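Enquirer: Using the sequences and the hints given, assemble the complete structure.
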Amino acid sequence: MDGEEIRFLELDKQNPEHIPYIEEIKKNAIAEVGYALTPKQLFHTLAQRGRQGEFILDDLTATLKSIEQSTLGTDSADDFANLFEDLDLNSTKLGNKDVDMIYGQEMNRTTYNLARMNMILHDVHFAKFDIKQENTLTRPQHLDKKFAAVVANPPFSANWSADPLFLQDERFAAYGKLAPSSKADMAFVQHMLYQLDDNGTMAVVLPHGVLFRGSSEGVIRHYLIEQLNVIDAVIGLPANIFYGTSIPTCILVLKKNREHTGNILFIDASNGFEKQKNQNKLLPEHLDHIIAAFEKRQDIEKYAHVATLQEVKDNDYNLNIPRYVDTFEAEAEIDLDAIVQQLQALEVESQKTDAVIANFCKELGIASPFAEVK
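By my numbering, the letter at position 236 of the sequence shown is numbered 236, and the numbering carries on one by one without gaps.
Don't read these hints as lab results, they were simulated from the structure. A quick note: this is a predicted structure, and the numbers were derived from the prediction, not measured. There could be a bad hint or two in this list.
[As the list claims (entries may be wrong)] Straight-line Cα separation of at most 20 Å, SDA-like style, residue types lysine to any residue; simulated pairs: (1) K128 / H142; (2) K302 / N320; (3) K256 / K302; (4) K296 / K313; (5) K145 / A158; (6) K313 / E226.
Expert: The structure is reproduced here in structure tokens:
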């Protein structure tokens, strides 16, 4: 380049001087991808707990043979790499569970290529993964397969065709309704659940609207609870933890072969975060708190509640977390007598001040702004 020196900067997340560059890269990635990027802390922990045989994958058997990462490329490049480090792809294992293949599908070309590159960078043999670039909902590529684990962060409230012909699609037919064309969230849930095997577990990050919106989404939610009984837990997350959107989100955990068939666990982790300059951050202690509550599956005041299915039915199948976890903090009782005494004391002080000002005005030979002070 005409003798110019080309320099490469290795960005360090701990270096304050590099943070503006990193944030700019994230903004550009969001603009390129077109949707919010997943915070590393969130999926980092989900994957890690899966590796340890806890949390998302606690009930999977040693016969685990395949994993699908729906809408694969929703992490930034670095976040995506760290996610797969936790999945231990270098040995093509999920903890001590053998994994024959990893499947995924992503419509966005940039993130699709990121997904494939990360596989290669983590020494996953090309014969061990099958990632397709296509629309997950309208052109699914792996419908002939069932998966033991499915993890996804679909684009929030994305548009999709919602063509009535999809009511003939096996993924959606039993529900009798399709997700609205302006909000594909439930369609992703239906697709993922269809591809889950009979002992499978899935976790999906979604906006809170899926918990309470009515119309067709309400019908789908009713079917998931009443007919299939697959919703195992609802975990509310803090607002503003995603790159590109400040909306609060939740994790839905669904299981085909549930141990706790008579209840649903609700966790309100919306206040568990560290406030940072541009964004809230989930710290390890916040994630540990969520995981501990998930594993104990007990009522925790102002944090978690195990709701019976009858409670959910009584709430008309509305899964909005505040209906089940009461985080209301009572205000301290106000001592009115003490307030009156304070006001009286202030009145006395005010009169003294008025008298001083009036005396100054008299000495200066000017009119006092106050009524005559005795």
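Enquirer: Going through the numbered hints above, which ones does this structure break? Give me the numbers in ascending order.
Expert: Violated hints: 3, 4 and 5; rest satisfied.
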